[in-house]
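Peer 1: Okay, here's what each chain looks like letter by letter:
Protein chains: 8
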Amino acid sequence: MNYEEVKNSNNIGYAKLDTDRKSRTGFPEVIFCEGKPDEYLLNIYKTLLEKDGRVFGTRASEEQYELIKAEIPEVQYDKVSRILKVMSTNSSGGSENDVNDKPQKNTFIAVCSGGTADIPVAEEAAQTAEYFGTKVERIYDVGVSGIHRILSQQEKLREASCVIAVAGMEGALASVVGGLVSNPVIAVPTSVGYGASFGGMSALLTMINSCANGITVVNIDNGYGAGYVATQIDRLARK
Amino acid sequence: MNYEEVKNSNNIGYAKLDTDRKSRTGFPEVIFCEGKPDEYLLNIYKTLLEKDGRVFGTRASEEQYELIKAEIPEVQYDKVSRILKVMSTNSSGGSENDVNDKPQKNTFIAVCSGGTADIPVAEEAAQTAEYFGTKVERIYDVGVSGIHRILSQQEKLREASCVIAVAGMEGALASVVGGLVSNPVIAVPTSVGYGASFGGMSALLTMINSCANGITVVNIDNGYGAGYVATQIDRLARK
Amino acid sequence: MNYEEVKNSNNIGYAKLDTDRKSRTGFPEVIFCEGKPDEYLLNIYKTLLEKDGRVFGTRASEEQYELIKAEIPEVQYDKVSRILKVMSTNSSGGSENDVNDKPQKNTFIAVCSGGTADIPVAEEAAQTAEYFGTKVERIYDVGVSGIHRILSQQEKLREASCVIAVAGMEGALASVVGGLVSNPVIAVPTSVGYGASFGGMSALLTMINSCANGITVVNIDNGYGAGYVATQIDRLARK
Amino acid sequence: MNYEEVKNSNNIGYAKLDTDRKSRTGFPEVIFCEGKPDEYLLNIYKTLLEKDGRVFGTRASEEQYELIKAEIPEVQYDKVSRILKVMSTNSSGGSENDVNDKPQKNTFIAVCSGGTADIPVAEEAAQTAEYFGTKVERIYDVGVSGIHRILSQQEKLREASCVIAVAGMEGALASVVGGLVSNPVIAVPTSVGYGASFGGMSALLTMINSCANGITVVNIDNGYGAGYVATQIDRLARK
Amino acid sequence: MNYEEVKNSNNIGYAKLDTDRKSRTGFPEVIFCEGKPDEYLLNIYKTLLEKDGRVFGTRASEEQYELIKAEIPEVQYDKVSRILKVMSTNSSGGSENDVNDKPQKNTFIAVCSGGTADIPVAEEAAQTAEYFGTKVERIYDVGVSGIHRILSQQEKLREASCVIAVAGMEGALASVVGGLVSNPVIAVPTSVGYGASFGGMSALLTMINSCANGITVVNIDNGYGAGYVATQIDRLARK
Amino acid sequence: MNYEEVKNSNNIGYAKLDTDRKSRTGFPEVIFCEGKPDEYLLNIYKTLLEKDGRVFGTRASEEQYELIKAEIPEVQYDKVSRILKVMSTNSSGGSENDVNDKPQKNTFIAVCSGGTADIPVAEEAAQTAEYFGTKVERIYDVGVSGIHRILSQQEKLREASCVIAVAGMEGALASVVGGLVSNPVIAVPTSVGYGASFGGMSALLTMINSCANGITVVNIDNGYGAGYVATQIDRLARK
Amino acid sequence: MNYEEVKNSNNIGYAKLDTDRKSRTGFPEVIFCEGKPDEYLLNIYKTLLEKDGRVFGTRASEEQYELIKAEIPEVQYDKVSRILKVMSTNSSGGSENDVNDKPQKNTFIAVCSGGTADIPVAEEAAQTAEYFGTKVERIYDVGVSGIHRILSQQEKLREASCVIAVAGMEGALASVVGGLVSNPVIAVPTSVGYGASFGGMSALLTMINSCANGITVVNIDNGYGAGYVATQIDRLARK
Amino acid sequence: MNYEEVKNSNNIGYAKLDTDRKSRTGFPEVIFCEGKPDEYLLNIYKTLLEKDGRVFGTRASEEQYELIKAEIPEVQYDKVSRILKVMSTNSSGGSENDVNDKPQKNTFIAVCSGGTADIPVAEEAAQTAEYFGTKVERIYDVGVSGIHRILSQQEKLREASCVIAVAGMEGALASVVGGLVSNPVIAVPTSVGYGASFGGMSALLTMINSCANGITVVNIDNGYGAGYVATQIDRLARK
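Protein chains in written order, with the working numbering: chain A, 1 to 239; chain B, 1 to 239; chain C, 1 to 239; chain D, 1 to 239; chain E, 1 to 239; chain F, 1 to 239; chain G, 1 to 239; chain H, 1 to 239.
Please keep in mind that the hints were generated in silico from the structure rather than gathered at the bench. Being a predicted model, the structure only gives us computed values, none of them experimental. Beta carbons: idealized from backbone N, C-alpha and C, even for Gly. One or more hints might be untrue.
[To be verified] Below 27 Å or equal to it, Euclidean Cα-Cα: the simulated DSS-like pairs (lysine-lysine) are:
(1) H:Lys156 with E:Lys7
(2) B:Lys239 with B:Lys156
(3) G:Lys22 with H:Lys156
(4) F:Lys156 with F:Lys105
(5) D:Lys7 with B:Lys135
[What the hints assert, rightly or not] Only part of the chain C face toward chain B is listed, based on derived beta-carbon distances under 8 Å:
(6) Gly114
(7) Ile147
(8) Ser175
Work out the full structure: start from the sequences and follow the hints.
Peer 2: What follows is the structure in structure tokens.
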């Protein structure tokens, strides 16, 4: 294709939307809003809403919220998690019951965060999982410098099919959680910190080098990715 | 305690063996052999064998094999994975049936590797999972530079409850696998490579930055860790 | 020279324009616009237009477009690739036929990109090559997490004299393409990504460590450089 | 497959040799010897020799030479480039004439090196290209600290279809060569150096950031990769 | 001085021993043995023994122990901490009572370590502090992946005038300890780990970025430095 | 908890204020203002002021000062240190006499800084210590490039129970101070510098590698942390 | 001193101006303007002007120029080098004749730059040297990708007592210059570049690893430092 | 040239010795021995000795000493600096009087080192300068942690035409020396250190970021390079 053909190849710009994705993987398409041009983003929201009856986007700015709202008034924006979503009237409130019809076990995941500054990433994880139909228990502000806080939540952590541990600065939360539970722990380093935290790289290294068993790691601030994997695990546990 | 008390505090040196671990977490203790002093390693093997009827160690050298064999002749050593294990006569051949007695689903995990040089780490992962009672399907030598190799295995990959993707050099295998399956992928970067591979750091970064969904990452060469998490996930799927 | 002499040494500021360059290398001068002071940029555009009948600049901002347009109304700006060019009325529409007069083979290069966010760099490469008289086939949005997309384009990739593979995040596209074709692959890491992508360094390392043969790498976001080398190769193939 | 099946799956260990590779890509298989276990390496050499009538390996040690020689006495070892090859009696002395039968142009590539310590990598590049049937002109010991050395070779550099520039320490050679020629330059950073050369990373960065046009880069010490790409380019020029 | 004068300038080679150091700072000279030439090390031990009646060296190898023992038979070597010391008959067994004659408080420091592999560094810290006359309580094998271990020692930790927290891998121990005590915590990262632990740099970054208050950090494996500072603090508390 | 419960769980947003902290550790809560949302920050200031009669925050912006001042007019802001505090009328002017009632020694700490650009961090350290009831002697602008400046202050440095050495650029100040005193030195690298200073990482490495004894290090620009530890040490010396 | 005393200790804020510096070192004080608070900068300019009859500042912004100009109308600002200076009426136009009265040799230094974007740093170096009384020959736009440009200036380079080589991107200029001259070369890496240039670190590494003799390196963009050292060398040559 | 021609092109292997170098630059050729193959090194020594009457090599091992000694018995080896030299009977004992015949000033350079472990690099610098005919004053063991040591040598430092400051660990020596003298300081970081010293990179960064004027830096452990530049400067001062 030449440049003109590329630009005209579909109604939302250059990208081919993967609208069959859900039937193939059980997961609907999610939009990474940050840095997307206005016209392009608007097209995606309108196209997906028409086709799926709902749209879910991460890393949206308030400006992007205003942009979408002007054409899709029912769009909802959460300032903390920066999630920008449209839920169709006939959609089941986030439940993914349509994915599999058999009676399922009553499972949930837990999302922990070290400090209040880590909550935006934790909420991106939690709300992503909820959008995919997973039940979520939030356990926030349980950083290891006050170890009693996480210890008082041990029972709930142990019941979860999977724990997401979100922490910046030194990122030690994952190791402590990993020692308390027998199900998988997904560690999410955040860019919270200053000085030698290197935008979250320090927390990432802490988590990758964890002495605890059962810990795997996603990219810095990647709450979405953690919510996705946690849902994959929870679905296996649920069936 | 002073230094003398520390040295005398138990019969295997300074460390407290966590012999109740299995009843608490469902996973027996595993020994990281590399760098352990001879006398200390021998003590651990003898103590655990007496108590549990079997011992499993990773990263063992041939010298350590000779050391243990002199006192525990039935010890087995696999040169490729560097696993050094003793299986008790009445143990069920690696099956972890004792963990939960209910009839279970017939699940398995898949372990993929990019090149032949990655096989030692892949085998550490595979044999660790098998030791914990997980069924393993090996899919080796399927690096992305010959993409048909991994594609011809798609069906098996999709059936697995979890896929471990082991790759060094540029580590692209995980992203391709992640796009093929709907269950979790655990990426294991290896130190295979030269020049700007930085002992596996380059592959680790590739995997952490993967554009595919459902990928989490463990430390470089950490086959054991991947086998552990894969077992956690497979157990959830199995129940 | 002292400072005054430097400032007065030519009519466009400090730099000596290399206006004989094309006869020497077969490539006309290209301007890297980013960061150039207004007055200086304007002088370059006017001087080159007068001498060569056309001007081609990369990394131009919209402000720079307005600046040049005020004095050279026929200037064209492409927001995606950030290319700012003036094509003379009697120039052959980008064709470099003047470079060699013999009948030539009908060759082309392919430009692939991983995601939509990589398209600006891909277009910088494609349009640079086109400016140098090379035919370009665009194959966009073929990231490895949906491997069927690149596979469905295999035939075209194999016919190209050279493939430019543009990808950010983990940059695995180059390795997959390298395994599909027998002509050279030029890999362009992009700064697309977040967290541990380190502004494209992670993708650069992936590409430099590629397990596939036939891959060479240019600097992060250096679409221009890739378009230049691809043209060098295509010219060798064309003769 | 389980572990036993993997081990028995072919006669040379775990790997599937890609013996159809040459008909598919025009390039025969090349063996990376470093770190391969003895038994495995021997099997590869014997299998390939039987099938193709010749074998070519890089990064071989003297011990590996002795190993192969004991069973394949006609094997040849070059201490400088560490290449270990067997040329069949009826093979055409490295010429790849069989690849395409048409009369071809009389082209060649040039291999330059900065210092004498870079010659091993330069020879890996040169001999790899020669094995693939490419004519090679060596231009060694032309580092930029004595700029007249490279300048006196300008004519030959300009005639080459492609120039490989091999340099360690600060790696400036590629930029100077890039300014002298109009065909592509493949830059190979070497691990030659000390202190802040970081095993060649410093030279790699120099080359990636080159201000000259037409330069692409391969991994540190990757003479093989450069010889491969140079052959791809030379073949395009030759036809 | 010219080279000859330098070599002859004192009886132990080039260095001026700082034998007045103790009266000035309250701390006797300590020898860093690693890498010191044999003749030079022997001279230092003999010179200091004659002058001070005792010598204390860190990072000594077994070969260095044999070397010194041949001339100073009463020398003692501890394989774990690699400390090589000679205690004079009339020295007060490590007590630094001579430093200040007033009756002092009954204080002590605590030395914690994460895993058994961290014990060599922990012992270097502990024995250094003891040599300087400080009482030491050892609390080993209390890594955060089994959080109950460190929690069961809370009372002792809180009584200490200062806590040294020694840990490799992800180094999270310091943050947990920092949250439990109100006196200063000196964090010592160790080079224990593999993969992305970067020889202890990962643990160092964890500790520097700790979210807990009251934590300061010394260089990787610098048990000596931690023992020194802990003694400085304990002396202030003791007076 | 679900998201609604989290948001409603206390009157200041998501975080649980640790208002018992002072009785437990002897240190009142300190607020890290940077990046805190307006509404949240205001709530914290009002809640703490009501409960403790005073509030102390670090890294506050002028905008945050205006925000708080609108509701708490007596709030004080220091532009240099960016400290934003409210002192209650009946509070003892920063003295922490309530911590321990016994007559205490007359101790103080010293805060040194290399250049004038380091003063903001030095003042964060000094004012933090003063808030915790510690006497502080400031010794500024004593960088090592004019060594007489620090030498002229030796006496005062030696009397201090603890010295905080604040320096950016190459960070050599800590090593020189460490050689002059016998009490602990807390080194604070600052982000002052340019080029290869890497936002303070270069100074941090200098300080971690110091050849002087008695030096420990906190994170880049962490004046608060240094003031905290210095107070811990001074309290031990004071009793 | 307490905080109040610090603030009141002199008339220009916290810093002690080193106004005796020139008689001690032969170099007058130079002001690094970047980041200095307005009031403080103005005080320094006024104080120095009164005492020395001239002031010289580097890294000044246009805003700082306006600030100073409002009170010192004769201040001069050069936008390229960002130098902000006041020359007294009776000062000798930058000549440092007063430093030593003996008749001197007629020496000069050369300042080379790779590209036009490096000129600001080159001018900082050149004008700094001129302020210190050194004659400067500018040789700009002589990057190594067009090697004839620097070669045509060989004679002048060889006559200089010292050459400053300023280059960004790959920084190869210093190595080529180092091979052409027999006097010292001071290499100044600049932050010019993008992608893997890491804000000049790549050029710094190139220069530090140079294979040419006689090259020393200063910090990234440190034109001032290079001009200072070049003057030290030129003064030695001049006497 | 092909490979055979390269090997036969001169009598010492591949390299062209630059035997006219001295008449061109005033500096004779110096051999970097480390890593040179035996036969090649021997050839260089014999060829240079025959032509110049003397040879000077750096980084030589004891094995290389034995190798050369077997054929050139008068060769001298200094274990500390690892310099391996042959001085002809009629050579002027290292003096470079032949370089310029005019009566010269009585100048010298100073070489300082931080600790005894830095002496090998310091001696490489000192003996290189002496070989080039420069007078050298050695000032060793003057690290900044005992600041009185360097201060007691101020007078000599100030008289030197140039000071070489050699230091590992934190490398602060250069900054202190830079503040004491008015002539240039050449800083040589050494690889002495452990932990976060990164093989000297930490000291290199310290020196590059120095707050003192007049400091330039060479590569880690590059004593030869420092001795070379110091001689260039001293020659300028001497004339």
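Peer 1: Does each hint fit the structure? Answer for all of them.
Peer 2: Comparing the hints with the structure gives:
1. H:Lys156 with E:Lys7: Measuring from Cα to Cα gives roughly 20 Å; hence the hint holds.
2. B:Lys239 with B:Lys156: Distance of about 21 Å is within 27 Å: holds.
3. G:Lys22 with H:Lys156: 20 Å, holds
4. F:Lys156 with F:Lys105: OK: F:Lys156 and F:Lys105 at ~16 Å, within 27 Å.
5. D:Lys7 with B:Lys135: With Cα atoms ~18 Å apart, D:Lys7 and B:Lys135 stay inside 27 Å; holds.
6. Gly114: OK, holds: C:Gly114 within 8 Å of chain B, min 7 Å.
7. Ile147: Nearest chain B Cβ about 6 Å off; hint holds.
8. Ser175: 5 Å, holds
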